[in-house]
Every structure is written in C-alpha cells, then in structure tokens.
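Asker: So you can see what is in the structure, the chains are spelled out below.
2 protein chains.
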Amino acid sequence: MPTKISLGAPWQERSTAKKNSVFDGVPFQFIHSVLEFRDDDASSVLDVPSRFLSLEELSITALNAVGIVRVIASKKYTCVQVLDAFTHRAAIAHRLLNCCLEFRYDAAHAEAERLDRHYEETGKLVGPLHGLPISVKDQCRIIGTETTCGFVANVGVVDTENSVLVDILMRAGAVIFVKTNLSIGCSWGETINNVIGHTSNPFNRSFSCGGSSGGVGALLGIHGSPMGVGSDLGGSIRSPSAYQGLWGLRPSTGRIPYYKMLNSMEGNEIVESVVGPMSHSPESLELFVRTVVDSQPWLHDPKCHPLPWREHEFQKITAGGRKLRIGVMSWDGCVLPQPPVVSKLEAAGHEVVPWKVDQTKALALLTRALTCDGRGDHDRTIARSGEPDLNLFFRSSQSPDTLLENWALAMERNDFRASVLEQWNATADENGVPIDVYLTPVNPSVCPKHGDYKRVRYLGYTGTVNCLDFTACTVPVTFVDEETDLADAEDGKHDARGDEIPEPQSDLDRAIRENYRPEIYGGLPVTLQRKS
Amino acid sequence: MPTKISLGAPWQERSTAKKNSVFDGVPFQFIHSVLEFRDDDASSVLDVPSRFLSLEELSITALNAVGIVRVIASKKYTCVQVLDAFTHRAAIAHRLLNCCLEFRYDAAHAEAERLDRHYEETGKLVGPLHGLPISVKDQCRIIGTETTCGFVANVGVVDTENSVLVDILMRAGAVIFVKTNLSIGCSWGETINNVIGHTSNPFNRSFSCGGSSGGVGALLGIHGSPMGVGSDLGGSIRSPSAYQGLWGLRPSTGRIPYYKMLNSMEGNEIVESVVGPMSHSPESLELFVRTVVDSQPWLHDPKCHPLPWREHEFQKITAGGRKLRIGVMSWDGCVLPQPPVVSKLEAAGHEVVPWKVDQTKALALLTRALTCDGRGDHDRTIARSGEPDLNLFFRSSQSPDTLLENWALAMERNDFRASVLEQWNATADENGVPIDVYLTPVNPSVCPKHGDYKRVRYLGYTGTVNCLDFTACTVPVTFVDEETDLADAEDGKHDARGDEIPEPQSDLDRAIRENYRPEIYGGLPVTLQRKS
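Order-wise, the sequence lines are chains A and B. First residue of the first sequence? That's 69 in this note's numbering, and the numbers climb one at a time after it. First residue of the second sequence? That's 69 in this note's numbering, and the numbers climb one at a time after it.
Each statement offered as a hint is correct.
The list cannot tell twin chains apart, which means a pair is met if one copy fits it or any two copies do.
Once the Cα atoms are required to be at most 25 Å apart in a straight line, the calculated DMTMM-like pairs of lysine to aspartate or glutamate come out as:
#1 Lys384 to Asp362
#2 Lys144 to Glu354
#3 Lys144 to Glu351
#4 Lys561 to Glu582
#5 Lys371 to Asp426
None of these hints come from the bench; they were simulated from the model.
Please put together the full structure from these sequences, using the hints given.
Answerer: Have a look at this one:
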C-alpha cells in the first residue's frame with residue numbers, strides 16, 4: 069500500500085514513513101521481528117527462512133517459476149497457498165536484507181483468490197503465468213501502489229495506471245506481490261537510495277547485492293520470489309544476477325514493453341534502458357519472454373517491434389541440431405577479471421572462437437550517453453524533495469550537451485554498432501556460419517563489499533552490451549572456492565599457479581585485482597554472460 | 069560520374085559544373101539537344117519519349133519492374149538492352165524535367181554486361197532483381213559517384229563506400245543507373261535546390277513534381293525508370309508519388325536499411341526519415357521490399373529489426389481470406405481536401421469504419437521534431453559552400469531546444485503514438501478484429517503549381533504517418549476530370565453539387581480550396597494513401 073504522507077513533508081519524514089509502511093497489509097504472522105537487517109555480517113542468511121517456514125512453504129518456495137505454474141495447474145497447490153508462501157519468505161528476506169519497498173498483499177491475495185475460483189469453476193487457467201508470484205523493480209507502475217524509482221520525491225504519489233508490462237503479466241495470470249528496492253534513479257551498481265537505504269547480499273550480508281535492480285536480485289537470491297522484473301541500462305539486471313547466481317536476461321530494445329514504467333532521464337534514446345526477467349532457470353526466462361511476446365506487446369507499446377516469438381531460432385539454440393559456435397572474450401585488454409571468473413570461463417569447454425570487442429570505445433560512448441544532460445534530470449528530481457545528493461555520478465558539474473552534439477553522438481553510436489556487426493559477420497567459418505553467441509565475464513569483480521563498488525566500478529563487460537543493444541543473459545556457473553580460487557601473485561604478472569598474466573593496465577585494473585581475497589569472497593556466486 | 073570541380077570554388081561555379089556534368093558518360097545518341105527544360109509549359113510531356121525511342125525501347129520502358137525482371141529471365145531482352153532503353157528514356161526525361169543529378173552509365177553498363185555474362189554462362193540469375201534498372205534519390209552513396217543531398221557543399225565529393233541499401237540492391241542484381249534530384253537537405257515538398265534548380269511534373273510542366281523525392285517521382289512519372297528509391301520524413305515519398313500517380317511506400321523505421329545514406333539533421337531520432345521504393349504497381353513494391361528484407365539487412369544496419377518477410381500477414385491482405393476492415397478519414401477537421409480527392413475517396417466503395425486521428429497534435433509534434441535544432445544543421449551546411457538560403461524553413465531564427473526539452477518531446481511523441489495504438493485497438497468489432505488499414509488523402513491539394521507550394525503546404529495527412537511511424541502506401545486512383553471534378557461553390561459552404569461542406573477552418577484551409585481550378589488541374593493524377 070502506498071505511504072500515507074504529505075508530499076510537502078520534509079524528505080526525512082517521507083523516508084521514515086516509507087520504511088514503516090513497507091509491510092502494510094502483510095499478515096502479522098509473516099513478520100518476524102526477531103530478524104534484523106545487517107550490512108556488516110559476513111555470514112550467509114540463505115538458510116534463515118527454513119527456520120520460520122512450514123514444510124509446505126519450504127516446498128513451494130524451493131520451486132522455480134516453471135515448477136510453480138506446473139503445481140498450480142496440477143492442483144497440488146492453490147494460487148493463494150503459493151502467494152502466501154512467497155509473501156512469508158519475502159517478508160523474512162526484507163527483514164534480513166532490506167530489499168523490498170512495498171508489499172501489495174491485499175490486492176495480490178484478492179487476485180490469487182479470483183484465479184483459484186476461475187480455475188475451479190472453468191477448469192481453465194487464465195494464462196501461462198496462472199498464479200505465478202512476481203516481484204517487480206520499483207519502476208513498474210501498478211494502480212494503487214506508489215512507484216519511487218528510488219527518489220524520495222515519489223513517495224506518497226499513488227499510481228493511477230499500470231505499466232504495459234504489468235497489464236500483460238496480470239492478464240497472463242501473474243500475481244505481482246511486491247515491489248523491490250533499487251538504486252536512486254536506477255543509475256548505480258549498488259542498491260542504495262534515500263528512500264529506505266541500501267540492500268544486502270543474502271550470500272554474505274557485508275557484500276552488496278549489486279544494482280540497480282538489486283532488490284529483485286537479493287529477494288530472488290534467497291528464493292523470496294520465483295521471478296523478478298528488473299531493468300538494465302549499463303548492467304542493472306546482470307550485475308545483481310551475477311552477484312546472486314541468477315539467470316538474468318537483458319533483452320534488446322523493442323521486445324519487452326517499457327511503456328509507462330517510471331525512469332530517470334526519460335526520453336534519452338542514445339542508449340535506452342530495457343526491462344527483463346531475472347529468475348532461477350533458463351526455462352523460467354523462456355516462460356516469461358514467450359508469454360510477453362505472445363501477448364503482442366507492440367499493440368500497446370509503440371516502441372515494441374512486431375516480432376513474434378521465433379521458435380525456429382529458439383530450436384536452433386536449444387535442440388542441438390548443429391554445434392554452436394561460441395566466441396569467448398575472457399579479457400578485454402583493459403581490466404582483468406578476478407581469478408574465479410577467469411578460471412570458470414576457461415573451464416566451460418565449448419568450441420571456442422576468439423572474440424574481442426572494443427570495450428573502451430563502447431564504454432566511452434555509454435558514459436557520454438548517460439551523462440549527456442550534465443545530471444540535469446537527476447538534480448531536478450532530488451531537488452523536488454530536498455533529499456541529499458548521494459554523489460554517485462560523473463560530470464555533475466558539466467554543462468549538458470547541445471542538441472547537435474547529441475546528434476553527433478547518436479551517429480557515432482550507429483557507426484560503432486555497425487562496425488561490431490561487421491566484426492561479427494567476419495567470424496563466419498568456411499560454411500558462412502558466424503558465431504552464434506559470445507561469452508564474457510559479467511563484471512571483473514565477483515562482487516563488491518558494501519561501499520567498495522565505487523573503487524572497483526568497471527562497466528566495460530556489461531555496458532558494451534547496452535551500447536550495442538545486444539541481447540545478453542547471465543549464466544550462473546559455480547561459487548568461489550577459497551581453497552582453489554587463489555589470488556594472483558603479488559608481482560601482478562603471474563596467477564597463483566605461476567602462469568603469466570597481463571600486467572595491470574590501469575589503476576582501476578590494479579585495484580580490482582588487489583580487491584580480490586579468497587578468504588573473504590568464498591561462497592559467492594560466479595556468473596558469466598552470453599550475448600547474441 | 070562525379071563533378072570535376074575544386075571544393076573551394078565559388079558555389080555558382082560548382083553548381084554550373086554539376087549541371088554540365090549530369091550527362092557525363094551517357095552515349096551522345098541518347099541526348100536530344102532539341103529538347104529543353106521548361107517550368108511554364110502547361111502541356112503534358114508524357115508522350116514526348118515516344119518520338120525518340122525505338123519500338124524496342126518503347127516496349128521495354130512500358131514494362132513495370134516485375135515485368136522487366138521477367139523478360140530478362142525469359143531472355144527476351146538482355147540487361148544491357150534494358151539499361152540502354154531506360155537510360156535513353158531517362159536522358160529525355162532529364163532534358164524535359166531537370167530531374168537527374170548524375171548518370172553512372174559506364175559503371176552500370178559494365179554491371180549489366182557482367183550480369184548478362186553470368187546468366188549466359190551459368191543459366192542462373194544473380195538474384196530477384198537481376199538486371200532491373202533502379203534510380204536512387206541523391207542520398208544513396210555509391211562508390212565513385214557524388215551524393216549531394218541537395219547541398220552545393222557536397223558537389224565534387226566522391227563516395228568511397230556504398231550505402232547498405234545500395235549493396236543489397238546490387239547484390240540482388242539491380243543496376244543502379246541514375247541519381248535523381250531532391251529538395252535541399254530533403255526538407256521541402258518541392259524539388260528545388262541550388263545544385264541544379266527545380267524539377268517539373270511530366271503531366272504538366274507548370275506544376276511541381278513534389279518533393280523531396282521529386283526527381284525520382286518525375287522520372288518514374290514519365291517511365292524513365294521502372295523503380296525508384298526515395299526517402300520520407302514528412303511525406304517526401306508520398307507527395308511525389310501522389311503528384312505523378314505512382315505507388316510509393318513509406319515503410320516504418322527499421323525495415324529498409326538507411327545506414328550510410330546521407331541526410332540532413334543526421335542523428336535526430338525524434339521522428340526519423342525512412343527510405344522506400346516508388347514504382348508503377350504494388351507488385352513492384354512487393355518485389356523490392358521482399359528482396360531487401362530477405363537479404364537480412366539487420367546484419368549490416370544496426371537500426372534494422374530482425375523481422376523477416378511475414379508471408380502470412382501478406383496473404384491475409386492479398387489472398388482475400390476475409391473481408392478487410394478499412395478505416396477512412398476523408399477529412400481531418402482542419403484542411404478539406406480538394407473536390408477530386410474527396411470524391412475518389414467516397415467512390416472507393418469499401419466496407420468502411422469511421423476513423424479520425426488528431427492530425428493537429430501530430431503536426432505540432434512533427435514540426436517541433438523537424439525544427440528542434442533551430443535550423444542549426446542546415447545553416448552549417450549551406451555555410452560550407454556559401455550557397456544562398458532558399459528560406460524554406462520555419463523557425464530559422466529560433467534557438468535550438470535544450471537536451472531536456474528534446475527528451476520531453478520524445479516522451480510526448482511516445483504518448484501520442486500509444487494513444488493512437490489504443491484508438492486503433494478500440495475499432496475492434498464483435499470478433500475482436502480492429503481495422504486492418506486506413507485510407508486518407510495524401511495531400512489536400514491534387515498538386516501545386518511551381519511556387520504555389522508554400523501557400524498550400526499542409527503536412528497533416530502525410531506527416532501524421534511519420535509522427536506515428538506507421539507504414540503507408542500511396543494508391544493512385546484516377547485523374548482529375550475537369551468536366552466532373554468541379555470546384556466548390558464560392559460561399560465556402562457547398563460543393564459543386566450543392567451539398568453542404570464544412571466551412572473553412574483556417575486561412576490555409578481557405579487558400580487550398582481556392583487554389584483548386586478544374587481547368588488548370590485537369591489530367592493530373594489523384595492518389596490516396598493506405599496506412600497500417
């Protein structure tokens with residue numbers, strides 16, 4: 069339920085009111101006051117929910133999204149049972165991690181009851197997501213909720229319409245039950261804002277959950293939701309997915325409808341934010357995308373292309389009719405990924421084609437695209453509530469680009485995209501078949517500790533995808549093993565086995581290498597990304 | 069062949085050199101000095117070519133694009149014969165109408181010979197456009213030609229690469245033989261510039277051929293080319309198509325590759341120019357689009373969507389499996405089309421659904437999008453050569469939009485597009501089937517006389533499509549009959565039959581009505597447009 073607070077109240081009061089209203093409407097038995105949020109506790113809290121959930125709730129929340137729609141269809145559980153199990157687990161998650169902004173339990177419960185009644189009476193599911201609880205990043209507008217986008221200025225403003233995606237998911241039977249925390253204006257790789265503060269990683273609460281879609285990431289990491297909706301402008305779906313060992317999809321623009329979602333820098337089209345699913349299995353991502361695309365989102369969002377689900381393309385990848393050709397870029401020549409990331413890439417064992425994109429160029433273009441307004445839009449929004457500047461951006465004092473400068477940037481972006489297309493075409497083998505996908509790290513760091521992000525921030529591996537508008541999916545591979553994933557030698561020229569590695573290319577490169585400590589990072593997920 | 073002139077020469081010398089070099093390389097027997105350009109001659113010149121062409125040339129140039137590839141495939145004519153016939157006719161057209169900027173006869177002839185040899189030796193056509201002569205608006209870059217985009221500043225600059233579309237057409241077997249005249253910077257509805265001046269309409273040389281793709285329009289109108297490539301930002305394909313009775317397609321963005329074409333205001337993405345075909349039959353447009361889409365342009369142009377040719381959609385429209393539902397907007401509430409346009413719309417006799425788009429809103433958005441740089445880009449380009457200002461734009465003295473203003477405009481455009489999508493959805497009948505297409509005038513005027521355009525300029529009917537990024541196709545219907553297409557009564561409230569008509573809504577509306585004179589307009593084409 070939205071916060072009951074005057075829009076004219078001081079920002080601190082609005083923030084406090086918001087924090088206190090997150091659980092409004094949630095049954096008291098789901099709220100365990102004994103649990104408290106920590107950001108300095110290095111232990112995993114992944115097992116904490118099992119101390120509070122019933123066996124039935126545990127059994128439900130152990131399922132992935134595909135499993136959930138299946139057990140509802142088979143009448144093993146009702147939509148209400150499933151909703152309650154996940155609400156309970158998500159409430160625990162929020163107590164531990166500070167990952168949620170608003171539960172909409174009453175509305176969700178009524179929807180779940182309606183779905184159960186419909187199924188009972190007609191024997192028919194309303195759609196492919198019948199009864200699936202979904203958590204959404206706090207950019208999705210839902211009638212009767214509030215949508216902050218991480219800004220205090222939006223606390224207390226009640227939505228009067230749904231985002232197009234929300235309509236589609238609800239029509240397909242999804243039960244959107246909670247809105248999740250995000251970085252201020254979706255513009256930072258840690259989940260932090262003045263609305264409710266920052267969010268911890270369930271694998272290790274002294275670590276960040278990543279961002280900007282970090283609330284979804286943390287919630288899914290502890291299985292408090294079987295499916296989440298995030299958004300990605302420079303890695304905001306993929307970083308939290310990587311840091312929580314999730315499958316996260318950054319679609320190309322024009323596939324999943326963004327219309328009527330709230331964002332910062334709205335109207336900036338040089339590089340555009342996209343919305344996509346995060347979940348626990350590739351089949352779950354498929355379920356989401358197929359459902360949304362089959363709903364013909366282009367009939368409601370003018371930016372969506374009339375591009376149906378392409379079963380033959382899907383089969384080409386999944387049915388294994390022919391061997392895939394996989395480009396691999398384990399190092400971009402700028403920032404060397406930390407040892408666990410490198411070793412897992414090499415161990416993947418695919419038929420490999422060498423591949424390298426000019427990530428320096430991509431990053432320069434992306435940075436210009438994301439800072440072209442001299443932070444004017446951001447400053448305008450924080451001024452509306454008087455909330456303090458978190459100082460998370462570059463170029464805050466620079467003047468905005470002129471229109472002609474911005475047009476020149478659009479042309480440069482086009483040329484870069486075209487050059488990479490030709491580079492891709494040039495990987496063709498003797499049969500004319502180019503690489504199908506390429507594999508890279510998500511981030512050079514496994515995961516940053518709270519507050520470390522500023523020091524190890526490198527968007528090369530994620531942001532290149534945004535600059536190119538490619539489709540990318542995170543692939544959770546394994547976990548850091550502190551016994552085997554040893555730090556590089558201190559000379560900066562050899563890894564732990566004594567093999568040569570490239571010398572540090574920059575202070576940032578050096579800082580990221582030095583930041584890795586196996587004894588601290590042990591147990592955190594290691595995730596790669598696949599792009600096509 | 070490009071103009072041999074120093075880039076530093078005064079603009080008058082560069083312009084003169086360009087005019088004198090249009091025919092460079094064209095065999096002298098195709099150039100008939102007895103013919104001369106006129107812009108004050110009210111008679112039709114459509115029959116003039118028949119006085120100069122051989123029977124074989126007449127027979128070839130009477131064919132439409134589909135017919136031409138068929139007679140080449142059947143070996144009735146060679147590619148060289150076809151090229152020569154159209155070059156001859158196009159040379160006559162240029163003498164009469166001033167519609168061409170550069171013939172590339174030598175290169176085209178070598179390509180045609182190569183195609184003939186290939187077919188002779190292998191028995192195989194190189195592609196679906198094997199031997200088809202195509203004329204292109206002077207925005208298409210072709211190695212070894214020059215591409216002016218209507219600016220003197222580009223005279224003498226030789227292209228070193230092909231536009232992506234040019235590559236695709238050539239690979240499919242097309243023989244691009246001539247580049248056609250256009251308005252300065254593609255930004256005006258008459259074809260006029262300081263490079264070679266203005267172009268006349270072959271139906272009546274005292275009339276404009278329209279613009280900005282007017283050179284293609286005039287050339288196709290007199291059958292000097294079986295297929296032309298134009299571009300459209302506010303009606304630049306459809307106006308010349310209408311004024312010459314042609315089929316002209318304005319595709320949505322992302323279908324036909326624009327990459328590496330020259331344009332003005334490059335990088336402006338609020339409303340984007342698109343490239344599309346103009347021809348003599350719908351089958352010819354289909355041949356063009358199917359060929360381009362089948363070539364997978366998205367592998368080379370990052371702005372193209374991976375959207376294959378959708379045969380089932382095509383069949384739905386053409387195979388007549390079910391009756392089409394056609395929206396009709398004969399009047400937008402602002403500017404009443406002239407009598408011949410109105411009467412032909414009513415006579416179309418389809419099952420009609422009333423339809424009205426807010427063209428005032430569309431036009432306001434489009435105007436802001438096209439003038440947002442305060443004409444900065446245009447002024448910069450004309451300053452490069454010192455050519456005089458033709459004063460064809462609004463807001464020349466206004467300051468450019470800021471980036472934040474421009475972003476707000478992008479959002480307004482999105483909202484407008486979304487509102488029209490919902491309006492479209494709301495036309496659904498009891499089976500849930502909305503209108504398939506809608507039909508409107510192209511322009512309220514049949515066609516303007518030279519110099520009249522400024523007085524009767526109204527982009528509502530064409531520009532709305534650009535603002536919405538819909539696909540639109542002109543449909544030539546008939547010709548003005550001065551005996552039956554009578555002017556409205558002088559009271560402004562009744563048509564010639566005495567039936568009531570809406571009173572003039574504005575000075576422009578009144579001016580357009582008064583501009584119509586059946587005795588002057590007799591014989592000009594009447595064309596509608598179909599949008600989907």
